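K.L.:
Sequence:
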Amino acid sequence: MLGMNKDQEKSAFVEFFIEELQDIYWAEQHLAKALPKLQKAATSEQLAAAFEKHTRETEEQIRIVEEVFALLGEGPKAKKCDAMAGLLDEADSIVSDTDKDSFTCDAGLILAAQKVEHYEIATYGTLAVFAAHLEDSQVESLLRRILQNEKDTDVALTVVAESYVNERAVAE
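Everything in the sequence shown is counted per the numbering used here, starting at 63 for the first residue and increasing by one.
No wet-lab data here; the hints were simulated from the structure. Just so we're clear, the structure is a prediction, and the values are computed from it rather than from any experiment. Be a bit skeptical, because a hint or two may be false.
[As the list claims (entries may be wrong)] Restricting the straight-line Cα-Cα distance to at most 27 Å, the calculated cross-link-like pairs of lysine-lysine (DSSO-like) are:
#1 177 x 99
#2 99 x 72
#3 95 x 139
#4 213 x 95
#5 115 x 72
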């Protein structure tokens, strides 16, 4: 439990770490609910499949974050993540502001999804470094596993965008 025994109070840094974990936990829970909407809005079958895969991965990430809470001796608790709330609102706006069944909509969905991925990459990368400084290798390893998954998802979205979505959006 981050190098502390049961009788020690948590440092301000440990408290901050846990609060940021609560923040990303909220973000992942709400992303898991939003991804099926993005999947439904996608024109491209490849993009829809990417969102479906991302939903399954996000559900697994939620489970891993819950495991991190357990390793820290904490119950899983979510704290509203204003950044993710804003990113998901932006994704909703893209869906409503673009033509349904268009590659322009798909390009916008990829943009919105990559903004989410970059936020998650920044968060998990920093949390993993925090765990390393707190000398909790188990927590660090779990957070780095999620981080790699987020990076892989970002690359997969780039491949879809660059393989044909952007080109078709420009041609519309």
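K.L.:
None of the hints should be skipped; say for each whether it holds.
P.N.:
We went through each hint and held it up to the structure:
1. For a cut-off of 27 Å, the pair hint linking residue 177 to residue 99 stands: about 17 Å separates their Cα positions.
2. Our distance criterion of 27 Å between C-alpha atoms is broken by residue 99 and residue 72, whose separation comes to about 40 Å.
3. A distance of roughly 17 Å separates the Cα atoms of residue 95 and residue 139; the hinted pair therefore holds under the 27 Å criterion.
4. Under the criterion of a C-alpha separation no larger than 27 Å, the hint pairing residue 213 with residue 95 is consistent with the structure, at around 21 Å.
5. With a C-alpha separation of about 37 Å, the suggested pair residue 115 and residue 72 falls outside the 27 Å cut-off, and the hint is violated.
Hints 2, 5, counting from the list given before, are not met by this structure.
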